[in-house]
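Colleague: On the provided structure of chain E, position chain G as indicated by the hints.
2 protein chains.
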Amino acid sequence: MAKQNIFDNETFFENYQKLREREVNANNLFEIPERLKMLPDVKGLKILDLGCGSGEECVEYIKMGAKAVVGVDISEKMLEVAKEKNSDPAITYLCMPMEDIGSIEGEFDLAVSSLALHYIEDFKGVVKNVGRLLKKGGEFIFSQEHPMVTCHSGTAGSRWTRDENGNKIHVNISNYGKEGERETSWFVDNVKIYHRMFSTVINDLAEGGFAVERLAEPLPSDELLEKYPEYYDLFHKPDFLLVKARKV
Amino acid sequence: MAKQNIFDNETFFENYQKLREREVNANNLFEIPERLKMLPDVKGLKILDLGCGSGEECVEYIKMGAKAVVGVDISEKMLEVAKEKNSDPAITYLCMPMEDIGSIEGEFDLAVSSLALHYIEDFKGVVKNVGRLLKKGGEFIFSQEHPMVTCHSGTAGSRWTRDENGNKIHVNISNYGKEGERETSWFVDNVKIYHRMFSTVINDLAEGGFAVERLAEPLPSDELLEKYPEYYDLFHKPDFLLVKARKV
Numbered sequence: 419m420a421k422q423n424i425f426d427n428e429t430f431f432e433n434y435q436k437l438r439e440r441e442v443n444a445n446n447l448f449e450i451p452e453r454l455k456m457l458p459d460v461k462g463l464k465i466l467d468l469g470c471g472s473g474e475e476c477v478e479y480i481k482m483g484a485k486a487v488v489g490v491d492i493s494e495k496m497l498e499v500a501k502e503k504n505s506d507p508a509i510t511y512l513c514m515p516m517e518d519i520g521s522i523e524g525e526f527d528l529a530v531s532s533l534a535l536h537y538i539e540d541f542k543g544v545v546k547n548v549g550r551l552l553k554k555g556g557e558f559i560f561s562q563e564h565p566m567v568t569c570h571s572g573t574a575g576s577r578w579t580r581d582e583n584g585n586k587i588h589v590n591i592s593n594y595g596k597e598g599e600r601e602t603s604w605f606v607d608n609v610k611i612y613h614r615m616f617s618t619v620i621n622d623l624a625e626g627g628f629a630v631e632r633l634a635e636p637l638p639s640d641e642l643l644e645k646y647p648e649y650y651d652l653f654h655k656p657d658f659l660l661v662k663a664r665k666v
Numbered sequence: 419m420a421k422q423n424i425f426d427n428e429t430f431f432e433n434y435q436k437l438r439e440r441e442v443n444a445n446n447l448f449e450i451p452e453r454l455k456m457l458p459d460v461k462g463l464k465i466l467d468l469g470c471g472s473g474e475e476c477v478e479y480i481k482m483g484a485k486a487v488v489g490v491d492i493s494e495k496m497l498e499v500a501k502e503k504n505s506d507p508a509i510t511y512l513c514m515p516m517e518d519i520g521s522i523e524g525e526f527d528l529a530v531s532s533l534a535l536h537y538i539e540d541f542k543g544v545v546k547n548v549g550r551l552l553k554k555g556g557e558f559i560f561s562q563e564h565p566m567v568t569c570h571s572g573t574a575g576s577r578w579t580r581d582e583n584g585n586k587i588h589v590n591i592s593n594y595g596k597e598g599e600r601e602t603s604w605f606v607d608n609v610k611i612y613h614r615m616f617s618t619v620i621n622d623l624a625e626g627g628f629a630v631e632r633l634a635e636p637l638p639s640d641e642l643l644e645k646y647p648e649y650y651d652l653f654h655k656p657d658f659l660l661v662k663a664r665k666v
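Listed in order, the protein sequences are those of chains E and G. Numbering of the first sequence is given in our numbering, commencing with residue 419 and proceeding in unit increments. Numbering of the second sequence is given in our numbering, commencing with residue 419 and proceeding in unit increments.
Next comes chain E alone, as it looks inside the complex (with noise of 0.2 Å):
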């Protein structure tokens, strides 16, 4: 199956590193705090993170007092990033396409990967992958954009009806359940993404012997529209969903 690299693309690259660095964007306002809910203690913990980027987040579980953290990323520029940035001793980088993380050896405790899995066509694969990985009881954390985003086509225009005044009254969804590829433009074009529906993301799990502890499909706060007013259209379709599992 296809694996893409897309952050060595050097457009997406860039306009991805700004977006981060922009204090109030999605993943800091909803994806980050509620993945951080998710997450047990991690002191003492080994942990795989797939989709690592430029290593933030590896560095944020040493701080937390993981134990030692392998983070997986397919893009060679994302990791030299890492390197520079995020650098630790507890922390061993890995180039490679999150479908091969077959050749890993060891065992972790934890799992986790943020918005890196719409990427991935065989996500089946993965789940298996992880599930050796993991010890029994161990947790697989991990967060990826929406079924209602990810079974878009086209611009991200083209995925709202907006009255005369250009406010949007709802998401145009369809073939919500025609699962795979999805062209999407963001940064540069033919950014592929691949659709899953609900149903399969569950039983994807469950029949690669995980149990699904707890869904999140983070929603504004009032407080936080309240500072954030275009926040409301999470309440018509959430950009994210989160996912804690559990290998038994």
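Check before you lean on any hint, since a few could be wrong.
Since the list can't tell identical chains apart, any single copy or any two copies may satisfy a pair.
Unchecked claim - Quick list of in silico lysine-lysine cross-link-like pairs, DSSO-like style, CA-CA up to 27 Å: (1) 665 to 455; (2) 421 to 542; (3) 542 to 455; (4) 596 to 586.
Since the hints were made in silico from the structure, they are not lab data.
Modeller: Relative to chain E, chain G alone:
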């Protein structure tokens, strides 16, 4: 919390009976086959059927070898039909809201519910009671309207955006993140359903002591589409969500 008894509304009741008598409807083509696939071998089992309506399923389970079935429904009219058409010494019909099953004594091997739970405000409470009534390892298998359906307010017609020829282009989704009561029109006005996000359904089950083993969002096969092309719509938005969970 509100306990709705829409099936005792005469107009609703008559129209619903007519709909279910049609051989080609979404229940027969998608909900029933998928639910049957999820069922374990029911031979010798004691089964609880929540929202059993006119008892078709109850009598079916007995024919399949179940030892005993308790059918619960809030509608006296539906249970009158059940007693007339689908009675059996091994079936006990109870006229009560599903929210009141805490009053039932006994232990069940299997709990089933077909397209009834979206009429219930207190899903968490029902899950808790089902957990209490099931033996350890017992399954809870249910279907409900899909979350991309239950989020909708207003008439079914306003759900779609159509092209100039009246063909459906996409579903209009808004307020998926706003859970709770929706008033829709189905045969009569003011039919109340309760919208829950995917994550709430899964989390309520997990918190209630269930492991979610399988989800299904049924879609038409190519074969079926050749006969009934109108069901292509389901690729845009499945009508049903089915869940198989096990008491752990």
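Colleague: Each hint should be assessed against the structure and marked as holding or not.
Modeller: Results for each hint:
For the homomeric pair residue 665 and residue 455, the shortest alpha-carbon distances inside one copy (19 Å) and between copies (25 Å) are both at most 27 Å. For the homomeric pair residue 421 and residue 542, the shortest alpha-carbon distance inside one copy (14 Å) is at most 27 Å, but the shortest distance between copies (41 Å) is not. Both within a single protomer and between protomers do residue 542 and residue 455 lie at most 27 Å apart by alpha-carbon distance, with minima of 25 Å and 22 Å respectively. In this assembly of identical chains, residue 596 and residue 586 lie within 27 Å of each other by CA distance both inside one copy and across copies; the values are 25 Å within and 16 Å between.
Figure legend: structure checked against the earlier numbered hints; every hint is met.
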